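Protein chains: 2
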Amino acid sequence: MKKKTIDVCLSPYLYPIYHKDDSIVVVIDILRATSAMCTAFENGVEKIIPVATIEEATEYKKKGYLVGAERNGIALDGFDFGNSPYSYMNDKIKGKTIVISTTNGTQAIDAAQKAYKVVIGAFTNITAICDWLDSQNKNILLLCSGWKNKFNLEDSLFAGALTERLLKKSDFQLSDSALSVSYLYKQAESNPYKFLRNSSHTERLASMGLKHDIKYCLSLDKTKIIPVLEGKYLVRLS
Amino acid sequence: MKKKTIDVCLSPYLYPIYHKDDSIVVVIDILRATSAMCTAFENGVEKIIPVATIEEATEYKKKGYLVGAERNGIALDGFDFGNSPYSYMNDKIKGKTIVISTTNGTQAIDAAQKAYKVVIGAFTNITAICDWLDSQNKNILLLCSGWKNKFNLEDSLFAGALTERLLKKSDFQLSDSALSVSYLYKQAESNPYKFLRNSSHTERLASMGLKHDIKYCLSLDKTKIIPVLEGKYLVRLS
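Chains X and D, in that order, are what the protein sequence lines are.
Per this note's numbering, the very first residue in the first sequence carries number 107; after that it's consecutive.
Per this note's numbering, the very first residue in the second sequence carries number 107; after that it's consecutive.
Hints were generated in silico from the structure; no laboratory data involved.
Careful: at least some of the hints might be erroneous.
Just so you know, same-sequence chains aren't split out, so a pair can sit in one copy or run between any two.
Stated by the list, open to error - Calculated cross-link-like contacts (lysine-lysine; reagent style BS3-like; alpha-carbon spacing at most 25 Å):
1) K202 to K292
2) K110 to K220
3) K153 to K168
4) K254 to K244
5) K126 to K254
6) K254 to K109
7) K110 to K254
8) K300 to K109
For clarity, every value in this text was computed on a predicted model and none was experimentally measured.
The shape of chain X in the complex, shown without the other chains (with noise of 0.2 Å):
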C-alpha cells in the first residue's frame, strides 16, 4: 500500500498549489485563532461561523449573533470578542452559533474551503487530532495561516509537533517542508514558550501584555473536540 503523506503549506496564498483532492486539510493558527476556536467549542459553542471579512461580521452582527473579529492582534470595537482563547471562556455562547473574523485564521478556512475536510488545529486538541488523523485512510495537509500570508513561526511549529506525533504512529511520507517544520519542532520541543520568544509575532503580541494567552495557546490538550468545517459552519465532528 502506498505510504500516506503529510505536507505542510506555510501560508494560506500558497494554498492553491497545494491543494489536493483528496487530503483532509488541517488548519493552523496558534495565536490565537485556531486555539481559540477549540475554546469556544469546548465551552459550549454549537457552532462558529468563520468569515474573512469585517463586512461579513459586520453583517452577522447586525442580525443579531455573537461576534468575535479581530484584526493585527486587537479585538475590533463594537464587536463581543477578541480572538484570546480567555474571552470565549464564557457561559454566554453556550449553546450559540457565533460568527469569528481573525486576520490570519479565518482567511486560511476561507482558502481551503474546497478541500475533502477542513478541521482546526491547535496544541489545545493536539491529541485529538492527531488520533483522528492517523485513524483516516487519507494524506493530510497542514495548512499554516501565518502571518498576513508570510510564514510565521507559531503556526511551524505546530505543524511540527504534530508531524512528528503522527510519525510516532504510522509511517507517513514527509515532503520537505513537512521534514523542515519537524526539524524546528525538534529544536522547540523542549521549551516551545522560550523558542517563541524569537519570533516577531510572539514579540508583538506580548508587547501588548498577552503573555498570558501565549501560554495558554502552547498547553497542550485542553479539549478533545475537532471543529470540523460543514458548509459555512465549523461544527464538532462526531
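For this one, chain X is given, so just place chain D on it according to the hints.
Positioned in the frame of chain X, the structure of chain D alone reads:
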C-alpha cells in the same frame, strides 16, 4: 540606526507578499539553476538571459544563441545545455551571451524583476555574496525558488547558511522565516549532503543519477563572481 533585516521568501509565488522597494533580492535555486549560472560566469560567459518559458528559449535558439533549457530535472532536446553545472564548464560559452530557462530558478528571477536589485546566490559563491551583501546598507530578501512554487529543503538550507554567515558579520534583524531557515541550517551544518538525502528533490535528482551534480552544488566558493540582473541580462557584479 535601525537594524537591517533579513527576510526569506520560501516560494516565488509568495514574492508579491514579500516585496519591498528597497530590498536586495538574492535568488536561490541550489539544485541546480543558480549553481549552474555561477559556474557559467566562472567559465567565462559574458551575459546570461534568464527566460521563464520554453517559448522564449526556443525563440532565442532560432536566433542563434546558445541556450540551456531544463524542465523537471531533465535537459530538453534541441537545446545546448540542461542545468547541470558541469555542462557549463565548457570553452564554447567564453565571451558569449547565453540563454537559460529552468523549472524553478528562472521563474523566481522573473518574479523578482521589479526588485531594487536581484543577485544570484549559491553555495558556490556564498562567501562573495555574503561579503557583498554585508557591505550594502540595504535590507535583504532571500528568495527560494523551491519546486514548482512549493517549499524545498535545499534552497531553504542555503538561505539558512547565508543568514548564519551574515549574522557573524553584522547584527541583522531576522524575520520568522529567516529564523526558521537558520535553525534548519544549524541541524544540517555538519553534513549538508546527508541532511539533503531526505529531501524529495534530492531523491528525484539522485534517482536520475545526479549525485555528482548535488555534491558539486553543495561545494563552497568555486567562484568569487556574483551574477546581477541588469535589465533582461545577468552580468557580473562589478
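### Task
Please work out whether the CA atoms of K126 and K254 approach to 25 Å or closer within one copy, between two copies, in both situations, or in neither?
both (23 Å within a copy, 15 Å between copies)
### Intra/inter-copy verdict for K153 and K168 if alpha-carbon distance must be at most 25 Å
Cα proximity of K153 and K168: one copy only (18 Å, versus 62 Å across).
### Message
When Cα atoms must be at most 25 Å apart, do K110 and K220 count as within-copy, between-copy, both, or neither?
### Response
within (20 Å within a copy, 40 Å between copies)
### Message
Within a copy, between copies, both or neither: which one fits K300 and K109 at a CA-CA cutoff of 25 Å?
### Response
between (35 Å within a copy, 23 Å between copies)
### Message
Within a copy, between copies, both or neither: which one fits K254 and K244 at a CA-CA cutoff of 25 Å?
### Response
Between copies only: 23 Å across, 29 Å inside.
### Query
How would you label the pair K110, K254 (within, between, both, or neither) given a Cα cut-off of 25 Å?
Answer is between: at 21 Å across copies they meet the 25 Å cutoff, but 30 Å inside does not.
### Query
Between copies, within a copy, both or neither: which fits K202 and K292 at Cα up to 25 Å?
Close neither inside one copy (39 Å) nor across copies (48 Å); limit 25 Å.
### Identical-chain pair category, K254 with K109, by Cα at 25 Å
So K254 and K109 pass the 25 Å test across copies only (22 Å; inside, 33 Å).
Of the numbered hints stated above, the single one contradicted by the structure is hint 1.
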